[in-house]
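A.B. asks: Sequence:
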Amino acid sequence: MSDDILTSDTPTDLPNLVGQQRQKEVVLRAVRTDRIPHAYLFLGPLGVGKEAAALDLARALLCLSHHRGHGTTPAQVPCGDCPSCAQTNRLAHPNLKVLFPLPKPKKSSGDEQEDAEAWSDAQRKQIEEALAAKAKDAYSPLNVQGGSEILIEQIRVLRGEFRLTSFSGGWRVVVISQADRLRVQAANAFLKLLEEPPDNVLFLLTSSRESKLLQTIISRCQILRFPPLPEDVLTHELIGRRNVAQQTAEASARLAGGSWSQAIRWAEANPAAEMEKAVKLLRSLVKGDPGVLDGLVEEWSAPSKSEEFGNLLLLLGKWIRDVQRLDANPSGHPELAKDSALAKFTKFTEGRDHARAIELIEEARLDLERNVQPGFVAHHLFVHLWRQLFARQDSTV
Numbered sequence: 023m024s025d026d027i028l029t030s031d032t033p034t035d036l037p038n039l040v041g042q043q044r045q046k047e048v049v050l051r052a053v054r055t056d057r058i059p060h061a062y063l064f065l066g067p068l069g070v071g072k073e074a075a076a077l078d079l080a081r082a083l084l085c086l087s088h089h090r091g092h093g094t095t096p097a098q099v100p101c102g103d104c105p106s107c108a109q110t111n112r113l114a115h116p117n118l119k120v121l122f123p124l125p126k127p128k129k130s131s132g133d134e135q136e137d138a139e140a141w142s143d144a145q146r147k148q149i150e151e152a153l154a155a156k157a158k159d160a161y162s163p164l165n166v167q168g169g170s171e172i173l174i175e176q177i178r179v180l181r182g183e184f185r186l187t188s189f190s191g192g193w194r195v196v197v198i199s200q201a202d203r204l205r206v207q208a209a210n211a212f213l214k215l216l217e218e219p220p221d222n223v224l225f226l227l228t229s230s231r232e233s234k235l236l237q238t239i240i241s242r243c244q245i246l247r248f249p250p251l252p253e254d255v256l257t258h259e260l261i262g263r264r265n266v267a268q269q270t271a272e273a274s275a276r277l278a279g280g281s282w283s284q285a286i287r288w289a290e291a292n293p294a295a296e297m298e299k300a301v302k303l304l305r306s307l308v309k310g311d312p313g314v315l316d317g318l319v320e321e322w323s324a325p326s327k328s329e330e331f332g333n334l335l336l337l338l339g340k341w342i343r344d345v346q347r348l349d350a351n352p353s354g355h356p357e358l359a360k361d362s363a364l365a366k367f368t369k370f371t372e373g374r375d376h377a378r379a380i381e382l383i384e385e386a387r388l389d390l391e392r393n394v395q396p397g398f399v400a401h402h403l404f405v406h407l408w409r410q411l412f413a414r415q416d417s418t419v
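Using the working numbering, read the sequence shown as starting at 23 and increasing by one per residue.
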């Protein structure tokens, strides 16, 4: 059993964070000893709890009773009952700021006060809706239409607010979601804040793309990494937090790739039926019939199906990974061998380069994220999957 599974004796501090016990202990120790760095950088894949941890840490620091946590029997952090907790639960505390990628404002003057009013009413509504969803679910993504970068205007507004006195004293916390999307100008302006941080201000940066961050920003932050969540933790939490049936929870956890967000999505769908779609597609590719291939490409060409196509590719990748494991070590994976369809497919593609097939699927997923036309992605992928897994070794297309 994973160490991340809660027992009856496990503290329930930072209640929104699923699993990640070691990371939770690091954060709680910092809060209870008042040894808070001026900046944290939480790194890890999407959906594993980086932003949930950041928001829970912000709530803990802004909680009116968090100093009662010293000693061997600490109070719960955050308490969840004080007026400050009520505000932070709505992401409405005046000492809490949440930055994330936004669309370019309709007007921008370069003046800090005027930039605070630069977004249109429609843009403001989208921003408010994204924050409301985040307040309700800490794992909800902070995305708005047209929001691809964190802008210099947002940093200017933040810099102007730092010139004001902290409301009610105490900490001020700035959460920067997807910090790798800081526009160059914004990143340089933010770096100045990191180099000379205001008193009692904590910056909490999150990112799933470490390679896109400025090294000068990384070097000024204390890094805490959040790994993918183990399947047994996801299963346990789906049952405990969401009242998901055991079989559905196990299937969803297997498909989630260590992501709590994905685990919930699969639990709300039908994992078995969705996986069958992926298997059906692979079976359709076996003969390499041009008419069948054209039909499949046409089926997935519509831009409106891009997200669904991406989810299908996620399942294809999972299926081929299981095939690869079973092909490499049949006796070492009895749980996979019990799946008759998987075992049959493994035997049919015995000795093929499953690793390359997985790479092709991942490349296709990346192309979809880059907004490459779905029809082109589908055609390229299906042809090359057929060559890799089913074509006779001496055949050409």
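Hints in this document: simulated from the structure, not taken from any laboratory.
In this text the structure is predicted, and so the values were computed from the model without any measurement.
Ideal Cβ positions, reconstructed from N, Cα and C, are used throughout, including at glycine.
Check the hints yourself; a few may be wrong.
[To be verified] Taking lysine to any residue pairs in the SDA-like style, the calculated list, with each CA pair at most 20 Å apart, reads:
| id | residue 1 | residue 2 |
| --- | --- | --- |
| 1 | 366 | 295 |
| 2 | 158 | 35 |
| 3 | 126 | 149 |
| 4 | 369 | 300 |
| 5 | 299 | 327 |
| 6 | 214 | 244 |
| 7 | 327 | 394 |
| 8 | 340 | 250 |
[To be verified] Just the calculated beta-carbon pair ranges, DEER-fashion:
| id | residue 1 | residue 2 | range |
| --- | --- | --- | --- |
| 9 | 237 | 154 | 34 to 40 Å |
| 10 | 268 | 312 | 29 to 35 Å |
| 11 | 207 | 103 | 41 to 47 Å |
| 12 | 321 | 86 | 55 to 61 Å |
| 13 | 87 | 57 | 14 to 20 Å |
| 14 | 218 | 57 | 19 to 25 Å |
| 15 | 295 | 263 | 20 to 26 Å |
| 16 | 103 | 361 | 47 to 53 Å |
A.B. asks: None of the hints should be skipped; say for each whether it holds.
C.D. replies: The hints, checked one at a time:
1. Proximity of residue 366 to residue 295 is assessed by CA-CA distance (about 19 Å); at most 20 Å being required, the pair is judged to hold.
2. Straight-line distance between C-alpha atoms of residue 158 and residue 35 comes to about 18 Å, which keeps the hinted pair within the 20 Å bound.
3. Between residue 126 and residue 149, the direct Cα distance comes to roughly 12 Å. Compliance with the 20 Å bound is thereby established for this hinted pair.
4. Straight-line distance between C-alpha atoms of residue 369 and residue 300 comes to about 18 Å, which keeps the hinted pair within the 20 Å bound.
5. Of the pairs offered as hints, the one joining residue 299 and residue 327 holds, with about 14 Å between alpha carbons and a cut-off of 20 Å not exceeded.
6. At most 20 Å may separate the alpha-carbon atoms for a hinted pair to count; residue 214 and residue 244 meet this at roughly 17 Å.
7. With a C-alpha separation of about 13 Å, the suggested pairing of residue 327 with residue 394 holds against the 20 Å cut-off.
8. Distance check on the hinted pair: residue 340 and residue 250 sit about 15 Å apart at the alpha-carbon level, within 20 Å; holds.
9. For residue 237 paired with residue 154, a C-beta distance near 35 Å keeps the hint of 34 to 40 Å intact.
10. Distance hint for residue 268 and residue 312: a CB-CB separation of about 44 Å, inconsistent with the stated range 29 to 35 Å.
11. For residue 207 paired with residue 103, a C-beta distance near 42 Å keeps the hint of 41 to 47 Å intact.
12. Remark: the range hint 55 to 61 Å for residue 321 to residue 86 is upheld by a beta-carbon distance near 56 Å.
13. At about 19 Å, the beta-carbon gap between residue 87 and residue 57 stays in the expected band of 14 to 20 Å.
14. In this structure the hint that residue 218 and residue 57 lie 19 to 25 Å apart at CB holds, the actual value being about 21 Å.
15. Between residue 295 and residue 263 the C-beta distance comes to about 23 Å, which sits within the given range of 20 to 26 Å.
16. The hinted range of 47 to 53 Å is satisfied by residue 103 and residue 361, whose Cβ atoms lie roughly 48 Å apart.
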